[in-house]
Amino acid sequence: MEMNDIIKPENKVYSAPALLNQVHMHYCPGCSHGVVHKLVAQVIEEMGVTEKAVGISPVGCAVFAYNYIDIDWEEAPHGRATALATAVKRLWPENLVFTYQGDGDFSAIGTCESIHACNRGENIAIIFINNAIYGMTGGQMAPTTLLGQKTATCPYGRRPDLNGYPLAITPLLAQLDGTCYVTRQSIHTPANVRKAKAALRKAFENSINCKGTSVVEIVSACNTGWKLTPEKANKWMEENMFAKYPLGDLKNLEEGIQR
Amino acid sequence: MKDEVTLMKGNEALAMAAIRYGADAYFGYPITPQSEVLEKLEEEMPWETTGMVVLQAESEVAAINMVYGGAMTGKAVLTSTSSPGFSLMQEGVSYLAASEVPALLINVQRGGPGLGTIHASQADYFQACKGGGHGDYRMIVLAPSSVQEMADMVALGFDLAFKYRCVSMILADGTIGQLMEKVVLPEQRPRRTDEEIRQQCPWAVNGRKGMRPSNVVTSLELDDDKMEENNWRFQATYREIEKNETRCELVNVEDCDYLITAFGTTARIAMKTMELARKEGIKVGLFRPITLWPFPEKQLREAAKNVKGILCVELNAGQMIEDVKLAVECKMPVEHYGRFGGNVPTPDELLNVLKEKLINK
Chain A
0 MEMNDIIKPE NKVYSAPALL NQVHMHYCPG CSHGVVHKLV AQVIEEMGVT EKAVGISPVG
60 CAVFAYNYID IDWEEAPHGR ATALATAVKR LWPENLVFTY QGDGDFSAIG TCESIHACNR
120 GENIAIIFIN NAIYGMTGGQ MAPTTLLGQK TATCPYGRRP DLNGYPLAIT PLLAQLDGTC
180 YVTRQSIHTP ANVRKAKAAL RKAFENSINC KGTSVVEIVS ACNTGWKLTP EKANKWMEEN
240 MFAKYPLGDL KNLEEGIQR
Chain B
0 MKDEVTLMKG NEALAMAAIR YGADAYFGYP ITPQSEVLEK LEEEMPWETT GMVVLQAESE
60 VAAINMVYGG AMTGKAVLTS TSSPGFSLMQ EGVSYLAASE VPALLINVQR GGPGLGTIHA
120 SQADYFQACK GGGHGDYRMI VLAPSSVQEM ADMVALGFDL AFKYRCVSMI LADGTIGQLM
180 EKVVLPEQRP RRTDEEIRQQ CPWAVNGRKG MRPSNVVTSL ELDDDKMEEN NWRFQATYRE
240 IEKNETRCEL VNVEDCDYLI TAFGTTARIA MKTMELARKE GIKVGLFRPI TLWPFPEKQL
300 REAAKNVKGI LCVELNAGQM IEDVKLAVEC KMPVEHYGRF GGNVPTPDEL LNVLKEKLIN
360 K
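Residue numbers (numbering that gives the first Met the number 0), protein chains in the order written: chain A, 0 to 258; chain B, 0 to 360.
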């Protein structure tokens, strides 16, 4: 069989989701954001909820998420995405409402809003990208930066006596009565990409069905901030990040939270 | 229908007027002296009647960002707070203005700076009128001086905010908030349907119904030329508001030799001072700006044309006086008298000050 006989529309097994705008992304090659964006677009498309979807983009690398996924978006002040999402979902209860936030946005400046939105059981999905560093501002220490990890603001490595400890916020959120689904995923292998996609779908369904707050943490690589090649960054993540932030479900209430 | 006259606090009137306006949501955090707004709303349970959302936020920072999130969807959303809380909200106010979304904010002022006092103050005039947050923006600032105006300004504030896609604020003070007096509440208006909101606010973020093109509301624009363009657009809106929306009350200005300028609580005291002065044969008039921004400078200039002097009375160390002086171009003596720290002047006190600073000088 000739190659041209194979390349036909009916033989097509994969294409980019239609909701993913065909524009150049500003993300670095090797960054996890691109894959997660694709998954978000795919899940919204597959669920058939484009007309109901509202995303809240953060301040940080994903600030321009609204340029890439073709749904309605609000752009939040730094850390406040879950407060915005709270209002959107309460005012438009049939909508799918999700935030997309990094570790600085979600677990440093926005900690108060993050915890209280989860504790109130807001019917929103939170996508929490944890790459242990501030990407957009140029590689500074994040709350999730590991001990010993070097960043622009802990150039000799994070020290507990100077900088405190890495913050694992997700297990804390799993303890709150308002969360129905809390999970930690990654997208560094095809198998993990599939698992992450299933997690996003569950979180989005929970929002639509008003089952409580869902948190999908995605342990991610920032090869530029970490000053590693994409391949080495993934390896470093497996060896170091997963020890502090182990993957898997932390909480899953199929029936939703008690109200 | 006969007017429904009730007796209530200014803060309670705000809450009732918000429900009656058909507001979609209130987000707030308790702080003295305005907590009755949230208390009244929770007591009334409007979610059972009009469908209005009421939520006690975890902080003023969260509250203003809930307002921001809700306002971007085209809904009529408000918050209320008092001075320290409004300072916390300033970041959000700047974002609201930059995103050109309508919202109603209420500051029932207390004395500062810092934690200050829980009693009335007008020391947030600069913050409200000159921009308390970062960047070049303005809010329409309404100054009520009665419980009736507290109620009426909710509808006015919302209508202006939606007309110009800007932020309106009611700059009240602890006295008006806590004062109980007669009020006629507006009739209940229905909340707009989601379909009406989609038509009225085609820019709003509430899902791509009918697969319309996506809407994005953001205050971010990294292209300097485009950001400059945005700023010119904001400024054009502000000029339009200045042209159309100045409001003030003028009392006895036709024949007055001296003019008192005052707003809110202080204007009520000044009104009495004016009466006392007139009994003594001193021709005093009152200029009360109802919009503090845009400041009714033309009306003031006109009213002050033939006066010998102006006394600007405020519950602060001298804030509105700057706008008064600019309006009259310092063509006559403009004196200031301020009480602060939660204190208010008496009518006699103001009359003595008027004599001392302007008449017997």
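To be clear, the hints were calculated from the coordinates, so they are not data collected in a lab. You may find that some hints are simply not true.
Beta-carbon label-pair distances, calculated as ranges [stated by the list, open to error]:
hint	chain 1	residue 1	chain 2	residue 2	range
1	A	Pro-92	B	Ser-58	21 to 31 Å
2	A	Cys-111	B	Thr-5	33 to 43 Å
3	A	Gln-174	B	Ser-58	20 to 30 Å
4	A	Gln-21	B	Gln-198	24 to 34 Å
5	B	Pro-185	A	Pro-170	26 to 36 Å
Backbone N, C-alpha and C fix where the C-beta goes; we use that ideal spot for every residue, glycine too.
Hint check results:
1. With their beta carbons about 24 Å apart, Pro-92 of chain A and Ser-58 of chain B fall inside the hinted range of 21 to 31 Å.
2. Separated by about 38 Å at the C-beta atoms, Cys-111 of chain A and Thr-5 of chain B satisfy the suggested range of 33 to 43 Å.
3. A beta carbon spacing of about 21 Å between Gln-174 of chain A and Ser-58 of chain B agrees with the range 20 to 30 Å that was offered as a hint.
4. Our hint of 24 to 34 Å for Gln-21 of chain A and Gln-198 of chain B holds, since their Cβ atoms are close to 31 Å apart.
5. The beta-carbon spacing between Pro-185 of chain B and Pro-170 of chain A, approximately 50 Å, falls outside the hinted interval of 26 to 36 Å.
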